[in-house]
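Undergrad: Sequence:
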Amino acid sequence: MTTTGAVLQIFTLPYPLTVWFLVPPVTTSSYKSSNSTMHVKGNLPLESVEQFQPVEFNVSTNSIAKSASTTPVVEERAKATRRRRRRRKVKTKQTPDEPIVPPPPPRVVTAWQRYVWSLPPHEALMYARKEIENVSIVTEDPDLYAPLFRNISIFQRSYELMENILKVYIYQDGARPIFHEPHLNGIYASEGWFMKTIEENRQFVTRDPKKAHLFYLPYSARQLELALYVPDSHNIKPLSIFLRDYVNMLAAKYPYWNRTHGADHFLVACHDWGPYTLTEHEELTKNTIKALCNADSSEGIFVAGKDVSLPETTIRNPKKPLRDVGGKRVSQRPILAFFAGNMHGRVRPKLLQVWGDKDEDMRIYGPLPLRVSKKMSYVQHMKSSRFCICPMGYEVNSPRIVEAFYYECVPVIIADNFVLPFSEVLDWSAFSVVVAEKDIPNLKDILLAIPLRRYLNMQTNVKMLQKHFLWNPRPIRYDLFHMILHSIWYSRLNQIQLQQQ
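Note that the sequence shown covers residues -28 to -1, 1 to 473 in mature numbering (1 follows the signal peptide of the UniProt record, and there is no 0).
One should not assume that every hint holds.
Claimed, not checked - Restraint-style ranges between C-beta atoms, simulated for each label pair:
| no. | residue 1 | residue 2 | range |
| --- | --- | --- | --- |
| 1 | Asn289 | His94 | 19 to 25 Å |
| 2 | Arg148 | Glu409 | 39 to 45 Å |
| 3 | Lys410 | Ile213 | 28 to 34 Å |
| 4 | Asn220 | Ile109 | 46 to 52 Å |
| 5 | Pro181 | Asp399 | 35 to 41 Å |
| 6 | Arg148 | Lys410 | 43 to 49 Å |
| 7 | Pro227 | Trp89 | 19 to 25 Å |
| 8 | Lys102 | Thr286 | 37 to 43 Å |
| 9 | Gln144 | Lys410 | 45 to 51 Å |
| 10 | Asp204 | Glu409 | 25 to 31 Å |
The set of hints was computed from the structure by calculation and includes no laboratory data.
Glycine is no exception: its CB is placed at the ideal position from the N, C-alpha and C atoms.
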C-alpha cells in the first residue's frame, strides 16, 4: 500500500478531492452552461488534457452522505433570505399619499442660462421684468390648465424665469424654536411647511448673499406666540418688539437690509396675529414682502399687489399631508351647500342665524352635532356637497377654502376685504363663488342661479386646480410651495417696475 492510500484510509474527507484540487487557470469563455461544464477556447494539446484527468481515490461514503444532508439546509436558508428581501421591498414601497416623482432628466446648461446666471441680481430682475412684459402667447401647456389662469402666457414665462434665475438667501441668525423650527400641523401649518421646504431646497437657496435676489426671515409666527405670549394678557406688543430687535440686529450686522430698506426681504406668517407683530418696525411693515394668511386689505398692513396672500391649510398628520384628498362625482353630491364650525367672528353667527336648521338643502351647523356626525363625518359632508361654505372667522382667511379644493367641492367664500391667494395669476371666478356678507340671506338663490353647465365646469376646474394647493413631502413643480414662492418672486418684479416708474 502506498503512503497516499494509507493516509486516505485514516482520514475521511468531507468533500471529494476533485473539488479540493482545482484545475490550473486556462483561457475560457465567460459563458457557463447549465451543467457547469467549461467551454475552452481553442484545442488544448493532448498532454495538457491528460494532465487534468480525474484521479480515483478511496473516499468514505460517510462524507458523501454528510454532504448530501447539508444541501436541504442550504436551500432552506436561501429561501429565507429571499423572503426577507421581498418583505423589505414591500415595506419600502411608496405610500399612496406620496406621489411618484420621476427622476429629473440630465441637466443641459444652455447659452441663455449662462447669460442670465452671469447677470448681477438687480439686472437679472430687470431682465425678467422685460421678458414678462414682452411675453409670447402660449396656447397650450401640458402641465397647466389654461381656464384657471388670468393669463397663462404670463404665468408660464414668469415661472420659467423664476426657476432659472431666483436665488434666496436664508439668514442663519436666530435661535430655536422661534427661528428655523417649522410648526407642521394645525391650521397654521402653511408657514411651517414653507420654512421646512425652502430650508431643504437646493435649487433656489444660495449661501452667498451677494448672489441673492431675495432674503428670507426664517421665523414662525406660531412659534413666536407659543414662546412669548402670556396667556390671557391680550398684549402682543412684546412679540412685535422681539421682531423689531431681530430686524435691527440684522441691519446692523449685514449690509443687505439697509441697501433696499427691506424691500428685497420677505417673511411667511400664517398666524392670525402675523400682521400685528410687525408694527413696531416701520420698514418691516411697509417695505418687506409679507406672505400672510390674514390678507385683509382693510387694515392698512397687508398691501395688495406687494404682499402675498398665503393659503391657510389644516395639516392633521405631518407624515401624511395628503390624507383624504379626492372627492365624489357630481351625481353623488346630493347636498347643495354645507358648513360646520365654531361660531366666532362677525359672519358665522349671521350665517347660522339665517340658515341653521331652516332648509334641507342648506346644511349649516355650528360645531357638527354628534347625531349628525354619527351618520356622516365632516369630510364626508364636504365630499357629498356641491358647494362648501367658507365664511371668515376671527380673520378673513379660512382653511375650508383649501379643504374644499382637496375634496373637490366648489368653495363659496364669504369674507369682505379678503385678498384671495395667488389672485395675481389665478382667475377665482373659474372655480369659486364669492358672496358679499350682506348677501347671506340670498345665499341659496345665488347658488341655485348658477347653471348646471357652469357648475360642472367649475367643479372640473377645482379638480385641475387641486395640485396647486398640495403640500408634497417632496416638492413638485407648480405645487403649493412653488406657487407661494412664485407669488413672492412676482411681487418683487412688480416692485422693480414701480421703482423704474
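Undergrad: Give a verdict on every hint.
TA: Going through the hints against the structure:
One distance hint, 19 to 25 Å for the beta-carbon pair asparagine 289 and histidine 94, is violated here, with the actual separation near 43 Å. Distance hint check: the CB atoms of arginine 148 and glutamate 409 are about 41 Å apart, consistent with the given range 39 to 45 Å. A beta carbon spacing of about 39 Å between lysine 410 and isoleucine 213 contradicts the range 28 to 34 Å that was offered as a hint. Roughly 47 Å separates the CB atoms of asparagine 220 and isoleucine 109, a value that falls within the hinted 46 to 52 Å.
Hint check: proline 181 to aspartate 399, Cβ distance near 37 Å, so the stated range 35 to 41 Å holds. As the Cβ distance of arginine 148 to lysine 410 is approximately 46 Å, the hint placing it in 43 to 49 Å holds. About 23 Å separates the C-beta atoms of proline 227 and tryptophan 89, a value consistent with the hinted range of 19 to 25 Å. Distance hint check for lysine 102 and threonine 286: the Cβ-Cβ separation is about 40 Å, which falls inside the suggested range of 37 to 43 Å.
Between glutamine 144 and lysine 410 the beta carbons are some 49 Å apart, a value that agrees with the proposed interval 45 to 51 Å. Against the hinted window of 25 to 31 Å, the Cβ-Cβ separation of aspartate 204 and glutamate 409 comes to about 30 Å, which satisfies the hint.
Of the numbered hints listed earlier, those contradicted by the structure are 1 and 3.
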